[in-house]
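Please build the complete structure, drawing on both the sequences and the hints.
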Amino acid sequence: PAIEGVGPVTALEDSRSQEGANGEAESGELSRLRAELAGALAEMETMKAVAEVSESTKAEAVAAVQRQCQEEVASLQAILKDSISSYEAQITALKQERQQQQQDCEEKERELGRLKQLLSRAYPLDSLEKQMEKAHEDSEKLREIVLPMEKEIEELKAKLLRAEELIQEIQRRPRHAPSLHGSTELLPLSRDPSPPLEPLEELSGDGGPAAEAFAHNCDDSASISSFSLGGGVGSSSSLPQSRQGLSPEQEETASLVSTGTLVPEGIYLPPPGYQLVPDT
Numbered sequence: 001p002a003i004e005g006v007g008p009v010t011a012l013e014d015s016r017s018q019e020g021a022n023g024e025a026e027s028g029e030l031s032r033l034r035a036e037l038a039g040a041l042a043e044m045e046t047m048k049a050v051a052e053v054s055e056s057t058k059a060e061a062v063a064a065v066q067r068q069c070q071e072e073v074a075s076l077q078a079i080l081k082d083s084i085s086s087y088e089a090q091i092t093a094l095k096q097e098r099q100q101q102q103q104d105c106e107e108k109e110r111e112l113g114r115l116k117q118l119l120s121r122a123y124p125l126d127s128l129e130k131q132m133e134k135a136h137e138d139s140e141k142l143r144e145i146v147l148p149m150e151k152e153i154e155e156l157k158a159k160l161l162r163a164e165e166l167i168q169e170i171q172r173r174p175r176h177a178p179s180l181h182g183s184t185e186l187l188p189l190s191r192d193p194s195p196p197l198e199p200l201e202e203l204s205g206d207g208g209p210a211a212e213a214f215a216h217n218c219d220d221s222a223s224i225s226s227f228s229l230g231g232g233v234g235s236s237s238s239l240p241q242s243r244q245g246l247s248p249e250q251e252e253t254a255s256l257v258s259t260g261t262l263v264p265e266g267i268y269l270p271p272p273g274y275q276l277v278p279d280t
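Position 259 (the sequence shown) corresponds to 259 in full-length UniProt numbering; numbering is contiguous.
FYI, nobody ran anything at the bench for these hints, they're computed from the structure. Just so it is clear, CB atoms sit at the ideal spot from N, CA and C, and this is done for glycine as well. Among the clues, some could well be false.
[Unchecked claim] In silico SDA-like links for lysine to any residue, alpha-carbon gap of 20 Å or less:
hint : residue 1 : residue 2
1    : 130       : 141
2    : 81        : 70
3    : 151       : 139
4    : 130       : 113
5    : 95        : 106
6    : 159       : 170
7    : 48        : 60
8    : 159       : 169
[Said to hold, decoys possible] Derived CB-CB ranges, DEER-like:
hint : residue 1 : residue 2 : range
9    : 107       : 140       : 39 to 45 Å
10   : 158       : 111       : 53 to 59 Å
11   : 76        : 40        : 47 to 53 Å
12   : 82        : 45        : 50 to 56 Å
Here is the structure:
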C-alpha cells in the first residue's frame with residue numbers, strides 16, 4: 001500500500017511541473033505577443049504621424065497650387081477685362097468714325113447732286129463727256145482753219161522777203177545817167193491772170209536778165225531813185241503828156257511811181273496781167 005501511495009503523488013507533481021512549464025511557455029509567448037503588439041502599435045503611431053505629415057504637406061501643396069491657379073485666373077481675367085475694354089473702345093471709335101464717314105458721304109452726294117443740277121442748268125449738254133467731245137471737235141475745226149492760214153502767212157512772208165531782197169539788190173546796183181522817157185504806163189499782157197508775186201520769183205536771180213529788164217523798165221525818174229522819200233519829183237511835169245488814154249487806176253499808179261511816194265517797203269507790184277514798161 002505504501003508503494004501504491006507514492007505513485008499518484010509523483011504523477012501529480014509531474015503534471016504540475018508540466019503545467020508550470022506550459023504556463024511559462026504561455027507567459028513567454030504572451031510577453032512576445034505583447035512586445036509584438038507594442039511594436040505594431042508604435043509602428044502604427046509612426047505611420048499615423050507620417051500620414052498626418054504627408055496629409056498636411058499634401059494639403060499645403062494643394063493650397064499652394066490652388067492659390068497659384070487663382071492668381072493666374074485673376075491675372076487672366078484682368079488682362080481679358082483690359083482687352084475687352086480696349087476692344088470696346090476701339091469698336092466705339094470705329095462706329096463713330098463710320099457714322100462720320102456716312103454723314104460726309106451723304107453730304108458729298110448732296111453736294112454732287114447740287115453741282116450736277118447747276119451744271120445741267122448752265123450747260124444744255126447731257127454730260128461732261130459730250131462737252132469734251134464738242135470742245136475737241138471745235139478745236140479740230142479751228143485747227144483746220146488756222147493751219148492753212150498759217151501756211152499761207154508763211155508763204156506770203158517768204159514772198160515778201162524775196163521782194164525785199166530784190167529791191168535791195170536793185171538799189172545796190174550802180175546808177176546810170178537816167179534817160180527821161182516820161183512816165184510809165186500799164187500795158188495789158190494777156191487776159192489770163194497770173195499770181196502777183198511770180199515776177200519777183202523770176203527776178204530773184206543774181207544779175208539775171210529779168211532783173212536787168214526790171215531795172216531798165218524802172219530807169220526813168222520814177223524808177224530806183226523814186227523809191228526814196230524825196231527823189232523823182234522833177235519828172236512829174238512830163239506825166240500829163242503821156243497819161244492820155246490811160247484808165248484812172250493806171251493814171252494813179254503812174255502818178256505814184258513818178259512822184260516817188262513809194263518806199264522800198266511798199267513797192268508797187270503790177271496787178272495780174274500787167275507789167276511796168278517805159279513810156280516811149
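So, going through the hints one by one against the coordinates:
1. 130 - 141: holds, 16 Å
2. 81 - 70: holds, 16 Å
3. 151 - 139: holds, 18 Å
4. 130 - 113: Roughly 19 Å separates the two Cα atoms, so the pair holds.
5. 95 - 106: holds, 16 Å
6. 159 - 170: holds, 17 Å
7. 48 - 60: holds, 18 Å
8. 159 - 169: holds, 15 Å
9. 107 - 140: 39 to 45 Å: With Cβ atoms ~40 Å apart, the hint holds.
10. 158 - 111: 53 to 59 Å: holds, 57 Å
11. 76 - 40: 47 to 53 Å: Since residue 76 and residue 40 have Cβ atoms about 52 Å apart, the given range 47 to 53 Å holds.
12. 82 - 45: 50 to 56 Å: holds, 55 Å
Of the numbered hints stated above, none is contradicted by the structure.
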